[in-house]
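**Q** Each protein sequence line maps, in turn, to chains A and B.
Per numbering that gives the first Met the number 0, the first sequence starts with residue 0, numbered consecutively.
Per numbering that gives the first Met the number 0, the second sequence starts with residue 0, numbered consecutively.
A hint or two may mislead.
Chain copies aren't distinguished; within one or between two, either way the pair holds.
To be verified - Listed next, the in silico DMTMM-like pairs over lysine to aspartate or glutamate satisfying Cα-Cα at most 20 Å (straight line): (1) K34 <-> E23; (2) K30 <-> E40; (3) K94 <-> D373; (4) K226 <-> D252.
Keep in mind that the hints were calculated from the coordinates and are not lab data.
Every value quoted in this text rests on a predicted model; they were computed, and no experiment measured them.
Residue strings, one per chain:
2 protein chains.
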Amino acid sequence: MKKLKTENYKGVRDFYPRDVFFQECIFETWKKTVKSFGFEEYNASLLENSEIYKAKTSEEIINNQTYSFIDRGDREVTLRPEMTPTLARMIAAKKRELSFPLRLYSIPNCFRYERPQRGRMREFWQLNVDILNVKNDKFYDIEIIKLINKILLNFKATSSDFTIKINSRTLLNSVYENYYEFNENEALTFQRLLDKKDKITQVEFSKEYEKITDKEYKDISDIDDKKVKKELSYINEIIEVCKNTGITNIEFDQNIVRGFDYYTGIVFEVFDNDPENNRALFGGGRYSNLIDLFESVKDDVNISGIGFGIGDVPMMNFLESRNLLPEFVNTTDILLGVISDNQKVIDYADMVATELRDQGKNVSINYDNKKVGDIMKITEKNGIKNVVIIGEKECEEKVYEIKEI
Amino acid sequence: MKKLKTENYKGVRDFYPRDVFFQECIFETWKKTVKSFGFEEYNASLLENSEIYKAKTSEEIINNQTYSFIDRGDREVTLRPEMTPTLARMIAAKKRELSFPLRLYSIPNCFRYERPQRGRMREFWQLNVDILNVKNDKFYDIEIIKLINKILLNFKATSSDFTIKINSRTLLNSVYENYYEFNENEALTFQRLLDKKDKITQVEFSKEYEKITDKEYKDISDIDDKKVKKELSYINEIIEVCKNTGITNIEFDQNIVRGFDYYTGIVFEVFDNDPENNRALFGGGRYSNLIDLFESVKDDVNISGIGFGIGDVPMMNFLESRNLLPEFVNTTDILLGVISDNQKVIDYADMVATELRDQGKNVSINYDNKKVGDIMKITEKNGIKNVVIIGEKECEEKVYEIKEI
């Protein structure tokens, strides 16, 4: 019979214990930080009815990147490319029972059919953090910025390692309406052009720009319009409050757009300041109409959300480039090597292991009757810190010794 | 625009914080126990090339239950219905670098297109525990039984709650060859019939049985054959050692077969002793040829594996029926209610929250200027144990009080 290949599916990863260790380092700091801000964990299946992405997820993702298929019962199903539509669905389903502000987080795996490259995999894990609130957007907008800052500091990054760039869809919309005088469709086309500005040449940008409008491209702060100025002052107020609490690496950036169509309020991106990797690590924003896309009880309560998603791969790259990951340590504390085939010795070894486990130690037993030197080598190779050898002598005298490697 | 439905995809679950809490209770006890036996965590993508299931996963799963589709690059891909083939692939890929015995665990989600019913969902999580060894099968067979027992005891179940039933594919094969004189195909058909014995009537069973063989159905212990007796004594030895270490609820059961085709050695199932739910909770077995299905370095080392998988849903049902789940507690320790709109008061509240977080407390802030009574209600409703109220007075006097609910 022809043997099977050991390669995994293209663009996804196998996690051996060392890989799990490093991914867990990231997950643990994520969880610890968001829990300290009172966020509670939620989760859902990665299988979703396809329709929930069609309304407000980005055009590019829907057309080119989803994993969608028809199931055995003729349902159109999609492996989630992002978590926010699932969250919105869940909130809408229990709107009456939940109390707001509601702080939720999850670390789902998401799927996008993209060309695998640095920072991008077809399956990735993503910390999703959202506050759902019914009033006082400003305080929750500020909290999200503070939380982002705290996450990165808890990884021992410093404020010189990253910059938080902030903009606002409300601001952009007022520019589209009051300066460019776009209709809704033109505004969307323009926004999608802005979103890919960094990925295309100046010439390409100008060409596309001229197709949409004859107006001169203007710096937003130079636009003399009351609504525009009001929205700009909102962003400046947020920046001001953040600076007062010690977050100095935050700035307004009118080129931040974010890809998802559902954002309505502030949008932001966190940039890596490393000149060799000067790109957005992650971002997010406020969405006010997403939950209303779903059926729910009729009432006057409008739930608005603000959130962000951090991928595990860009996070890992960021930490690696700054040596902020710890050394691998095995979750097993002690390797216990039995250097005998005698059943009595084995029984004694089992007894010692049980005793050590009862003391809270994680103990792995090697029953293969190896030489002491081999047991030592295996212990060290696997990042285990302690070893116990049990042979005839130890069994007879009912003793054992824990040796540190 | 027509609103979207809030129902999730059929047969999968949404996990709100309370659901995550109970699932985490199960995952934590699983992890704590297997780690104490020196098992290390691995993981992999749920997307696998379809071919890896075609060889040795059960016929029923492959034909009727897999989620398989063709991706945008024309690859045939399957959402894993079980984890063992992935594990075998990963072991084969790094055979040279890994040291054996290797103890691995994972809690993957798996997918099967089945009719949703009690204990069965289309997506379920499953603790997978495996020992990969190159010699001394017996010691590792025993360890796996001990581990199963320990997991259930760590949930505070007692030995009267469950029974471990053990059989052996080697034993069954010797019966097929030496008593029934089956060829390979007949043996497989017979085994699949045995596997569904409990799900069909006696009449149906007899009818199918007579199609395969004319031999009288005989109790295995009555078969007078050297090989059969030898295999039976192996099982009895394992049972004996287990009983000596205090595991009294273990017995030989010749009707235990297990559905997967890849088992070659002992197979076992853990039965719920509850008369209202007297069924197999989970099971596993030894597989000696699975890793060899994959391409790998040529050498004389044959890796054999033994493992089991426990689903989260049957585990939850088992614990619920015995009241072994704890009361829900929110991961947030303190709800801090700001009962003012004054920026100074808000700044003070933020300062208090930061101070409490620095002390390791998880603090959620309500900025919605609610009444004290409402803050109390929200705290209680959400299973949060403590509350802090910050108003003008607290801000002025720079004091605060943590009140237990």
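**Q** It remains to establish, for every hint, whether it holds in the given structure.
**A** Do the hints match the structure? See the list:
no., hint, verdict
1, K34 <-> E23, "both (16 Å within a copy, 15 Å between copies)"
2, K30 <-> E40, "both (9 Å within a copy, 19 Å between copies)"
3, K94 <-> D373, "between (61 Å within a copy, 18 Å between copies)"
4, K226 <-> D252, "within (18 Å within a copy, 78 Å between copies)"
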